[in-house]
Structure formats: structure tokens, C-alpha cells
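Going down the list, the sequences are from chains A and B.
If you read the first sequence in my numbering, its first letter stands for residue 79, the second for the next number, and so on.
If you read the second sequence in my numbering, its first letter stands for residue 647, the second for the next number, and so on.
If you are wondering where the hints come from, they were derived from the structure by calculation, not from laboratory data.
The structure presented is a predicted model; accordingly, all values stated were derived computationally and were not measured.
Don't be surprised by glycine CBs; every beta carbon is placed ideally from N, CA and C.
Incorrect hints may have been included.
To be verified - Examples of chain A residues toward chain B, derived with CB under 7 Å:
1) Asn402
2) His429
3) Thr433
4) Pro459
To be verified - List of simulated lysine-lysine pairs, BS3-like, C-alpha gap at most 27 Å:
5) Lys704/B / Lys752/B
6) Lys142/A / Lys349/A
7) Lys484/A / Lys752/B
8) Lys752/B / Lys692/B
9) Lys778/B / Lys723/B
10) Lys321/A / Lys194/A
11) Lys377/A / Lys160/A
12) Lys487/A / Lys692/B
13) Lys104/A / Lys752/B
Here are the chains, one letter per residue:
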Amino acid sequence: MEKVTTINTLKIREDFPVLKRQVNGKNLVYFDNAATSQKPNLVIDAISTYYRQYNANVHRGIHKLAEEATLAHEEAREKIAKFINARHTEEIVFTRNATEAINLVAYSWGRANITKGDKIVLTIIEHHSNIVPWQVLAQEKNAQIEFIKIDENGLLLEKDINDLIDERTKLVGVTHASNVLGTIAPIKEICKRAHRFGAKVMVDAAQSTPHMRVDVRDIDSDFFAFSAHKMLGPTGIGALHGKRECLESMPPFLAGGEMIKEVHSTGSTWKELPYKFEAGTPNIAGAIGFGAAIDYLNKIGIQNVRDHEKDITAYALARMSTVNGLTVYGPKSTDQRVGVVSFNLGDIHAHDLATILDEEGIAVRSGHHCAQPLMEFLDVPAMSRASFYIYNTREEVDTFINALEKARKLFRS
Amino acid sequence: MSSDIYRDIILDYYRNPRNFGDLTNPDVRAKDSNPLCGDVIEMQLKIEDSRIVDVRFKGRGCAISQASASMLTEAVKGKTLDEIKGFGKSDVLNLLGIDPGPTRIKCALLGLKVVKLGVYGYLGQAVTDDVKQLV
Numbered sequence: 079m080e081k082v083t084t085i086n087t088l089k090i091r092e093d094f095p096v097l098k099r100q101v102n103g104k105n106l107v108y109f110d111n112a113a114t115s116q117k118p119n120l121v122i123d124a125i126s127t128y129y130r131q132y133n134a135n136v137h138r139g140i141h142k143l144a145e146e147a148t149l150a151h152e153e154a155r156e157k158i159a160k161f162i163n164a165r166h167t168e169e170i171v172f173t174r175n176a177t178e179a180i181n182l183v184a185y186s187w188g189r190a191n192i193t194k195g196d197k198i199v200l201t202i203i204e205h206h207s208n209i210v211p212w213q214v215l216a217q218e219k220n221a222q223i224e225f226i227k228i229d230e231n232g233l234l235l236e237k238d239i240n241d242l243i244d245e246r247t248k249l250v251g252v253t254h255a256s257n258v259l260g261t262i263a264p265i266k267e268i269c270k271r272a273h274r275f276g277a278k279v280m281v282d283a284a285q286s287t288p289h290m291r292v293d294v295r296d297i298d299s300d301f302f303a304f305s306a307h308k309m310l311g312p313t314g315i316g317a318l319h320g321k322r323e324c325l326e327s328m329p330p331f332l333a334g335g336e337m338i339k340e341v342h343s344t345g346s347t348w349k350e351l352p353y354k355f356e357a358g359t360p361n362i363a364g365a366i367g368f369g370a371a372i373d374y375l376n377k378i379g380i381q382n383v384r385d386h387e388k389d390i391t392a393y394a395l396a397r398m399s400t401v402n403g404l405t406v407y408g409p410k411s412t413d414q415r416v417g418v419v420s421f422n423l424g425d426i427h428a429h430d431l432a433t434i435l436d437e438e439g440i441a442v443r444s445g446h447h448c449a450q451p452l453m454e455f456l457d458v459p460a461m462s463r464a465s466f467y468i469y470n471t472r473e474e475v476d477t478f479i480n481a482l483e484k485a486r487k488l489f490r491s
Numbered sequence: 647m648s649s650d651i652y653r654d655i656i657l658d659y660y661r662n663p664r665n666f667g668d669l670t671n672p673d674v675r676a677k678d679s680n681p682l683c684g685d686v687i688e689m690q691l692k693i694e695d696s697r698i699v700d701v702r703f704k705g706r707g708c709a710i711s712q713a714s715a716s717m718l719t720e721a722v723k724g725k726t727l728d729e730i731k732g733f734g735k736s737d738v739l740n741l742l743g744i745d746p747g748p749t750r751i752k753c754a755l756l757g758l759k760v761v762k763l764g765v766y767g768y769l770g771q772a773v774t775d776d777v778k779q780l781v
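Same shape as in the complex, but just chain A (with noise of 0.2 Å):
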């Protein structure tokens, strides 16, 4: 197989610290980016820089660190309007992850849009962060909920859209990427679908906006969720982004200091966008570390990222077809997916494999992947899943595959 990649993965390697480490006197092979990704020395140093020479809290203080704070915390925020081609700087919202992002539209939009007998459509690939904040709202208000089901190849079933997304529709929650079969889904098509009906769209991108180019402007999203640290930057912040007439109809989610404009004894009103959705002291850290790892993410360019990742996937999805008794879920194009593959080896429990992996220095995922409605509807009980960024290499694929063939004989399976 020729090698498509256009970016130097060695040289990007030097950059993550962490990637030198030995586990179990084996060289380290993370496979596990779709839970975490690994931080760049550039996200490193920026939030020990904020900490080391300019902490103080945004917004408030008239004194030069606060300036100083404020400028960087806000100007993370513009990186990001503009790496997913946001119209307004204003409709990004910083939350604490994905799933508060997913919240955020749950509690205050969904509270004050859905009634009695609307129906909630998602679909039987997401994750569940966009099944259960939709669950507890539907058993509030008496809402119903129906799930998009997938083809043999793990792809939403065209039919399923066309016949559930229908006037009844307040509200389609859909993944971009699904963290399990890695499907990419088809959300321009379906915002298209959803808004002739008038029903919104919140899009789970916690696995897309990593690893390819987008755009929220052409997808015409909603709602739009996403993580830092599934994407080089720290844990505890992630995004939201709302079309602005859709954040700025909406009541606050939390309320308190930083989200206020007057607070009287008789009652508060609320600070513009998107200020009214940010309550108490923000994670200033995080949100500089988040902008970092943009920085870095555009210096290697978003498009060669998705380059490398379909070739390691294409190259994995490869080497794994000739493994005995080895089932790979999810599409067979790399158009099709991003780099996540879920797999099983005959009848060793997704667990032990995960054990045997890790004690050559392999780094999977086992379980049920919070997608547990995928899993029932798969009647597997649980997967292995490997996923992939742009540190990995061919040469760590090589050394996965020499471990399953391991773990084959081990359990003579």
C-alpha cells in the first residue's frame, strides 16, 4: 500500500512528551484518541505561560494581568469561531465538554421549546451524551423519542431520516463522527430535512471537528458540540456553537456572576452574548490551552490530518482483514469514517483483549463505548476500539496487529 501522508509524523512525535514513555518495557502505542488525545508541548506551555506570568480573572479587573488575561481567554474564542468558519465570535460559548454543551441546548432550549407530543429525533449511533440529556427532557415534558437506525455497513439508513424527521419534529440530535463505527454522517443533508420542518439540529462533533475540516456555516447546524481534549487541548473545556437568533431567543442554563448586567433585589438581566451562557469564573487555563491546540492544529492543517488519519485507518483496516477470527465494525471507506475502528477477536471479551494489548504497551479502548443502544442493537455486548491521530504510524499499526496474532494464540481463539 502507497503511503498518502503528508505530514511528518516523526517530527510531530517530538512535539508530545508523553509519546517517549515506556509501558510494561514496550515502546507506548496510544490508540486510544477517541477518548483522549495526547497535549503538544504548545498546550503545555501555554497554560503553564497563563499561570507563570499573567493569572488573573477575565473580564473584571482593570489592572494589567486582568487585561492581559482577558485578551488571551477571548482570543482563544475568536480561534475557534474561525476553525469551525463560525459567523460570529459570539456564537461559541466555552462549557466544561461536549456533553455540558449538549446540556446547555437540553435545559434551556429544550425546556423552552418542547411540549406534549413533540417528538425528539437522534440516532442509534450516538453517544450518550446525546441520548440521555434528550431522555430526561423528553420524560419531563412527555416528548417522544424515535432513533434513525443503520445499514449492514454501519451508515444511517437514508429511509429512516426521510420517514422520522417529520412535522411532529422539534429537534434532530445527531453524531458528525460516531465514536464507535467511526461513521461519518450525512448532517448537512439531514439539517436540510430537519429545517423544512422547522425542528433544530444539535450536532455531537466531539469526534469530527479533530480530525477534519468543519464548517458550520455550510452544515447549517444549530447547535454544535465539541471537546478540547479529544483535539490536543486540556480536559475540562469544550464548545458550544449556536446560531446566534437561536442563543440569543434562549434563557440562560446557569446563573450568577459574569453572566449578569444588572442584579437588582427585584430581579437581574441577563449580559449579551456570549456572556449570558458563561456563569462564575470561566476555566481561563483551558480556554487559552484550547486556542493552543488550534494554533497547532492549523499549523499542520486540518486537511493533512484527515490525510494521515485515512491512510493509518485504510492501512489498519488492512492488516486487520487478514487476522483470523477478527471482526471489524463499522464502514469500509475511509470516505466514510473517521479513525476509529472498533473490532472483536472470536470469543476473547473485548476486556481481556484490552488487557493483553496493554501488557505489549498498547493503549484500546473496551466496553461498551457510552453507546450502549448501538451495542444492544449490534447484539454485542462489547468492543475493542482502536483510534488513531497524528502521531501514529504504520509501524504502531505493525506492532497491534503482531498483538492480536499474541492474544489469538494466547486464548487459542
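We have chain A already, so just place chain B on it with the hints.
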């Protein structure tokens, strides 16, 4: 490959579980699961004079959970209920012959938790906190 956790004896108990299946008219049935792995274990006990005279288990899940549950059935047969109450983590690790490490210990202890749930239930006593914390 020198896999310490997957010693031959553990794989043997996983592939050929001892005391697997059902008892006729058991005095106790207890069942629990490990949410991390999705392991499920059911224990059935026959009890006479405060002593376990027969035991079977059923379940599904990883090799560690199934093998340790099977080994445990052999260890508890013939023991008094008071002896079972005194059974702990170290007894299970002795049976396995290895410490599976912090991420997998819950798999190893699921069988013990279920036996204890069954015994406390049979005696009509409240389950102690240390049992709840096993898995």
C-alpha cells in the same frame, strides 16, 4: 508470550468452568453485574445446617470474572456461612495466584460479591458496606 494474568490455569477455568449450570431447588439465588465490563454472575447455593453443601454458577463476561467465579465455587463448597462472611479479597487473589491490577480487580471480585449477597440475603441480614464496595 508471557502473560502473567492469563496463566494457563485461569484460561482453563474460563474454557472449562467447574460447577457451571443450575442446581435443582437451590436455597439461594443471587446475581450481580460489573458495569465496567458488563460481566454478569449468578450464584446458586444449597445450604444445610448453616453450611454450603452445593453450589453452581452461571454468567458471562471476561476470562478473569468467569474463572475467578468458578474457582470460588470450589473454595466455598463445604464452608459455613460464617466462614463465607470472613472471605475477602486476599482469598480470591490466592485462588487466582495473581493480582490482576487495579483496573481488573473488580472483575475478579464479582463472584465473591454475589456469594456474599446470597449468604446475607439467606440470613436476612443487611449487606455490609465492605461487600457493596467489592465491585
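Hints and how they fare:
| no. | hint | result |
| --- | --- | --- |
| 1 | Asn402 | violated, 17 Å |
| 2 | His429 | holds, 4 Å |
| 3 | Thr433 | holds, 6 Å |
| 4 | Pro459 | holds, 5 Å |
| 5 | Lys704/B / Lys752/B | holds, 17 Å |
| 6 | Lys142/A / Lys349/A | holds, 24 Å |
| 7 | Lys484/A / Lys752/B | holds, 25 Å |
| 8 | Lys752/B / Lys692/B | holds, 26 Å |
| 9 | Lys778/B / Lys723/B | holds, 22 Å |
| 10 | Lys321/A / Lys194/A | holds, 25 Å |
| 11 | Lys377/A / Lys160/A | holds, 14 Å |
| 12 | Lys487/A / Lys692/B | violated, 39 Å |
| 13 | Lys104/A / Lys752/B | holds, 26 Å |
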